[in-house]
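If you're matching them up, the sequences are chains V and A in order.
Take 1 as the starting number for the first sequence in the working numbering and just add one per residue.
Take 1 as the starting number for the second sequence in the working numbering and just add one per residue.
Since the hints were derived computationally from the structure, they do not count as laboratory data.
Keep in mind that the hints are not guaranteed to be accurate.
Pairs involving identical chains hold if they fit within one copy or between any two copies, as the list cannot separate such chains.
In silico PhoX-like pairs for lysine-lysine, Cα to Cα no more than 25 Å straight-line [stated by the list, open to error]:
#	residue 1	residue 2
1	Lys30	Lys61
2	Lys118	Lys10
3	Lys118	Lys28
4	Lys70	Lys165
5	Lys165	Lys61
6	Lys156	Lys10
7	Lys118	Lys156
8	Lys11	Lys70
9	Lys80	Lys10
10	Lys118	Lys165
11	Lys28	Lys70
2 protein chains.
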Amino acid sequence: MYTQTFAQFKKQLGQLDKWLGTATDYAKSKNFDPDVFVTLRLAPDQFPLARQVQIACDTVKLGAGFLTGKPMTAQEDNEKTLAELQARVRSTIALLDSLTAKDFEGAATRVVSQPRWKGEWMTGADYFVEHVVPNFYFHLTTTYALLRHNGVSVGKRDYLGVQSKRPAAA
Amino acid sequence: MYTQTFAQFKKQLGQLDKWLGTATDYAKSKNFDPDVFVTLRLAPDQFPLARQVQIACDTVKLGAGFLTGKPMTAQEDNEKTLAELQARVRSTIALLDSLTAKDFEGAATRVVSQPRWKGEWMTGADYFVEHVVPNFYFHLTTTYALLRHNGVSVGKRDYLGVQSKRPAAA
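Please put together the full structure from these sequences, using the hints given.
Here is the structure:
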């Protein structure tokens, strides 16, 4: 389930990459700077689009690090354009491509902790179900909502991507 | 993982119930009708808040039905007030309370199909990872975004709820 869910995250990041491309095309068709999207917010005290994309990427990256035990190097959050955000998304996809099912063995029972938790910890299973999955989809959907609210033509199929349907019996 | 994720859905639905309560309190404090929230949209061609809540509930309910093989009765989508939407959320929580870990045995290999799929089908595992989880969080987060965008004071902790942290070693 860990392997399959991270494969799903990879698919969703691919969809996110496409939405950012659709936003760029929309801005060009309306003759405004596509990078206006980068600083838009749904509420004045909520993070702007750039930060939503950065956190979506980091949730996947740090989640993969905690659940596989592989060290993950921090990235600077310095993206200022949609193209730079797309590069950030693609680097996260490349990272997921480097992981194998074997890397996730024992993920459920790993001890996950962070300095600000002051010694408290979570099992890998709890961390995955209660933190990684809801947080990833939160920042992914908030990015989608920001684009949708501001006129970009994305729909539910763009959100979900292609589903693994099997053919009908002959 | 199925059992744990549906327990997480139950927790998230409990949080959603609280956000709707916070929205009601906010409206009262500003002297406007709380049920104004029910029809708000983030984009003119996106579903309003009521439909977002209904689909979040149905995604969990129908998902549980497909993955356990238990028949689920359809509900009318006739909620017109925040209080009625809260009742819908609570009825979904009650449904989840009626399911046991045993009910989810064999979920991964169940055959999932719907009339509009014209004979095509998905495995329970694919349906869960590619449809149920992303769709549930999509409609949950869109509801949150709608409230946040319209001034309701909800934050990330209200979204995630309490995490299962374990105490530091003595």
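Here is how each hint holds up against the structure:
1. Proximity of Lys30 to Lys61 under the C-alpha cut-off of 25 Å is found in neither arrangement, the shortest distances being 35 Å within a copy and 42 Å between copies.
2. For the homomeric pair Lys118 and Lys10, neither the shortest alpha-carbon distance inside one copy (32 Å) nor that between copies (28 Å) is at most 25 Å.
3. For the homomeric pair Lys118 and Lys28, neither the shortest alpha-carbon distance inside one copy (48 Å) nor that between copies (39 Å) is at most 25 Å.
4. Proximity of Lys70 to Lys165 under the C-alpha cut-off of 25 Å is restricted to the inter-copy arrangement: shortest distance 22 Å between copies versus 33 Å within a copy.
5. In this assembly of identical chains, the alpha carbons of Lys165 and Lys61 lie at most 25 Å apart only when taken from different copies (21 Å versus 28 Å within one copy).
6. With identical chains, the CA atoms of Lys156 and Lys10 are at most 25 Å apart both within one copy (17 Å) and between copies (24 Å).
7. For the identical chains of this complex, Lys118 and Lys156 are inter-copy neighbours only, at 20 Å across copies versus 41 Å inside a copy, given an alpha-carbon limit of 25 Å.
8. Taking the closest pair of Cα atoms, Lys11 and Lys70 come within 25 Å of each other only inside a single copy of the chain (22 Å); across copies the shortest separation is 30 Å, beyond that limit.
9. Proximity of Lys80 and Lys10 under a CA criterion of 25 Å is satisfied intra-copy only: 23 Å inside one chain copy versus 38 Å between copies.
10. Proximity of Lys118 and Lys165 under a CA criterion of 25 Å is satisfied inter-copy only: 11 Å between copies versus 45 Å inside one chain copy.
11. With identical chains, the CA atoms of Lys28 and Lys70 are never at most 25 Å apart, being 41 Å at best within one copy and 50 Å at best between copies.
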